[in-house]
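**Q** Please model the entire structure based on the sequences and the hints provided.
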Amino acid sequence: MPFFLFALFFLLYPSSKIFVGSFEDSTSHTFTFQYVWTLLHDPTLINAYWISIKISLITSLGGGIFGFLLAYSAIRGGLPSFMRSSLMTFCGVASNFAGVPLAFAFIALLGQSGELTKLLIALGFSPYRYGFSLYNFWGLSLVYMYFQFPLMVLIIAPAIDGLRREWIEAAENLGASAFQYWRYVAFPILLPALLGTMILLFGNAFGAYATAFALTGGQIQLVTIVIGDQLTGNVLFNPGLGYALALGMVVVMAIAIAGYTLLQRQTERWIR
Amino acid sequence: MKRGGVIWSWFWMTLGILYFFLPLLATFLFSLRAVKGVLTFRAYQNVFSYSDFVTNFSYSVLWAVLTIIVGILIFVPTAYLVRLRLPQFRTAIEFITLLPFVIPAIVYVFGLVRTFSQPPFLIVDSPALLVAGYIVLSMPYMYRSVDTGLRAIDVRTLTEAAQSLGAGWGTILFRVILPNIRVAILSGAFLTFAIVIGELILAEYLVKPAFAPYMAYLIQQKAYEPAALAIMSFALTWACMGIINLFGRGRGQAPIAGGH
Chain A
1 MPFFLFALFF LLYPSSKIFV GSFEDSTSHT FTFQYVWTLL HDPTLINAYW ISIKISLITS
61 LGGGIFGFLL AYSAIRGGLP SFMRSSLMTF CGVASNFAGV PLAFAFIALL GQSGELTKLL
121 IALGFSPYRY GFSLYNFWGL SLVYMYFQFP LMVLIIAPAI DGLRREWIEA AENLGASAFQ
181 YWRYVAFPIL LPALLGTMIL LFGNAFGAYA TAFALTGGQI QLVTIVIGDQ LTGNVLFNPG
241 LGYALALGMV VVMAIAIAGY TLLQRQTERW IR
Chain B
1001 MKRGGVIWSW FWMTLGILYF FLPLLATFLF SLRAVKGVLT FRAYQNVFSY SDFVTNFSYS
1061 VLWAVLTIIV GILIFVPTAY LVRLRLPQFR TAIEFITLLP FVIPAIVYVF GLVRTFSQPP
1121 FLIVDSPALL VAGYIVLSMP YMYRSVDTGL RAIDVRTLTE AAQSLGAGWG TILFRVILPN
1181 IRVAILSGAF LTFAIVIGEL ILAEYLVKPA FAPYMAYLIQ QKAYEPAALA IMSFALTWAC
1241 MGIINLFGRG RGQAPIAGGH
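As given, the protein sequences belong to chains A and B, one line each in that order. All letters in the first sequence, in the order written, are residues 1 to 272 by our numbering. All letters in the second sequence, in the order written, are residues 1001 to 1260 by our numbering.
Just so you know, these hints were derived from the structure itself, not from any lab. Be aware that a few hints might be false.
Examples of chain A residues toward chain B, derived with CB under 8 Å [claimed, not checked]:
#: 1; residue: Met1
#: 2; residue: Gly92
#: 3; residue: Leu116
From a predicted model like this one, the values you see are computed outputs, not experimental measurements. Even glycine gets a Cβ: it sits at the ideal position worked out from N, Cα and C.
**A** Here it is in structure tokens:
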């Protein structure tokens, strides 16, 4: 079958190369742990992973919470029903609007001569004078949020739909307060869906490259940026280390996706 | 216990709308400022007058179209056979089609460059490698939409009917099955189109002309023209999503993709 040939040649073979390359000495072609060892002991590389993990955690939490609030408002918040369908359409577009154009959209809004920056300066409040910058870690997080929260809305919406009206009525009849309903009914049911989706957002941010590349030109040393540097040879060139870096990313992603699949199964028990 | 929540709902919605539209509005305003003191569409005119832009953009369209055509040729027969004859391969194929989610694009391109820049396969400069890479990236969306399309029609009955009328396999695939799942294929195709046009990483590291690397380069060089490009790119994404929504009205959820 052409499909398997294609997948083997262009997907599985290059991927296995990363795995093999991480453990194979690049000159003598013998088995070695040296690259993985270097990776785990090099403070710069560990730091790159740490920055990537930090930004993924922050934006998946932030995007997750904001996305959930938005989705819940649109679906169960008593808003007119057209709000829901337009929100879904916007989110479909926004979660696909990323990379270079997204980076530029934020430069135009909040860059040093961005529209909002100029407006704020005219109002006597210059954000850059108070330590704000679009080009540092927090600025990048703000930009990442733009594709994180719409993804949350899209994926969490079916779970919110699955919260049956009977449950809230039953809770009311039994004299539960809103807090008790959330604490003992809705939250435990939604928890696996919420966690699972946030893990997916984590992976989404962890693998992101183009946005950070276009926004900061590689100033923020995310793992993806470091791998890119390895490819162009911007840094001390060490092929084996590049493989090990890439393998580390795949491991983190695999853990994230496995966690998501597991939690997704939990969700399906309650929500059909 | 719930009515007080409406105000909060409006609050979160307003915040969401602001987050969504402010960057776009700013980009649009920015793109009109090419001439000092007045608002003009000069930046757009400039962009279209750059021959680099036309070349890079045309290449991106070419990559996208090739990706879609070859992708359809690979995925439709596979999904069809798996549904009809080889259900035991289903899990394996689903696993493979989801792999691009686990392997970030930058890691994938790293593997591609390293694998195909040394013997026995020295094809790193070939445009075919780029298209193959795009097919892999689009696989989760394309294969899935084809598969969803096949689920909605009665593959077995259609095949048997065509066979009993004397049709060969080529006729069955391209004149019976394909037209029946064209909506699913089209929505996959437009999503693929949006992804390929906006894709930076593969084109950048396989060093091929494309829209996104050009835009990343232009951001370093100019102020207002990139804004015009961003607006055009956004309009294109919007158009693709709109077309998909139009096709898939009332069923399925919004497409989710990523080229971040």
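**Q** Holds or violated: Gly92(A) as interface residue toward chain B, Cβ cutoff 8 Å?
**A** Holds, about 3 Å.
**Q** Interface hint check: Met1(A), Cβ to nearest Cβ on chain B, cutoff 8 Å. Holds or violated?
**A** Met1(A) check passes; min Cβ-Cβ to chain B is 6 Å, inside 8 Å.
**Q** Does the CB of Leu116(A) sit less than 8 Å away from some CB of chain B?
**A** Constraint on Leu116(A) satisfied, holds at 6 Å.
Violated hints are absent here; each numbered hint is respected by the structure.
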